[in-house]
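Colleague: Fit chains B and C to the known structure of chain A by using the hints.
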Amino acid sequence: MILHVVQYSAVQDNALATCLRYIQPQDTLLLIGDGINALLLRKWQEALHHTKVCLLEQDVEARGLQARLGHYQQLSQAEFVQYSLTHAKVITW
Amino acid sequence: MKKITIIFRHAPHGSAKGREGLDFALLSASFEQEVSLIFADEGVLNLIPQQAPETIGAKDFLAAFKALPLYDIESVYACQQSLADFQLDESALAIPLDVKTPKEIGELLTQADEVFVY
Amino acid sequence: MSKLIIQVNQAGYGQGSSYQALQFTQAAIDAGHEVLKVFFYQDGVLSTNHLQSPASDEFALYQAWRELGQTHKVPLVNCVSAALRRGVLSAAESAENQLQHWNLEPPFQMGGLGELVTGIEQADRVICF
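Chains as they are written, first to last, in numbering that gives the first Met the number 0: chain A, 0 to 92; chain B, 0 to 117; chain C, 0 to 128.
Chain A with its partners taken away, still in its complex shape (with noise of 0.2 Å):
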């Protein structure tokens, strides 16, 4: 069980793409930075339906995105710590 961080945005970046190629159906994906603008694509929305997805909180408050991503599993920092170490590993992509 491997929790996959994605920072950088789907648009600018292949990082998802590349990440979601890999992904076990076990695995957790946290977006964070500019990795949760994707959520707002309908073509990610799509992509990550199978997903288990979280964001981290303050990356959506920062980005005035809470009441379009508010639907979505958020992680405040504490609970990132949490999940780093629940997870047999983090892979930052």
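There may be inaccurate statements among the hints.
What the hints assert, rightly or not - Okay, derived cross-link-like pairs now, DSS-like style, lysine-lysine, Cα gap no bigger than 25 Å in a straight line:
(1) Lys2(C) / Lys72(C)
(2) Lys65(B) / Lys16(B)
(3) Lys51(A) / Lys102(B)
(4) Lys2(B) / Lys2(C)
(5) Lys2(B) / Lys102(B)
(6) Lys42(A) / Lys102(B)
(7) Lys99(B) / Lys88(A)
(8) Lys88(A) / Lys2(B)
(9) Lys51(A) / Lys72(C)
(10) Lys16(B) / Lys88(A)
(11) Lys1(B) / Lys99(B)
(12) Lys2(B) / Lys16(B)
(13) Lys1(B) / Lys88(A)
(14) Lys1(B) / Lys102(B)
(15) Lys102(B) / Lys88(A)
(16) Lys1(B) / Lys2(C)
(17) Lys99(B) / Lys58(B)
Keep in mind that the hints were calculated from the coordinates and are not lab data.
As the structure is a computational prediction, the values presented were derived from the model and not from experiment.
Modeller: Frame of chain A; chains B and C shown alone:
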């Protein structure tokens, strides 16, 4: 000793990622870690033979990929889908390696202790 | 409680990940975990330039890293090769290269990639930003 897997997902020369990722790989191996490398996405362009990075003021770090066996790095893989995307022929790559499907690469990532992406 | 290594790979100003790494490190310490070291590699070494001078109304990331390092005794280690290539030098490297100036000050320190690798060996988890 840890199982350290290093993924190269960026093309060479456009950034220092490949060069610094390779430095990390060689150093890890010389510190007796079990190192494996995976070339994925645009990172497969590191595998094109006969590159001349000096012509654009870049260091020829690719030559060091040929020295991987000297560092006991024998687990070297490339993503089959990425090679196909960039229309690279498996038999004409700069270094010997094993081609893996995306599913197989996903399993390799599961087996590693730590994975670093460059 | 777990032992962590934090690796910072991007510059401070204009890129978010050095700040993300700082926040994560602080949260890990607050939760009682031991951060063995913060290792700056690739463009991350630019986060350690002492001469960064943000305007007074902007978040001072360099100072925040320095305070975190001093307060919690967390080693803040640069990859020396990555730093030299990018013009981040301590007084010692400056003298070795016959230069008049330097821009790395304690608590930031220079180290080799070997320190990252030995840290990875000791740590329960590595988190890269």
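Colleague: Hint compliance check: list the failing hint numbers for this structure, sorted ascending.
Modeller: Result: hints 9, 17 break, sorted rising.
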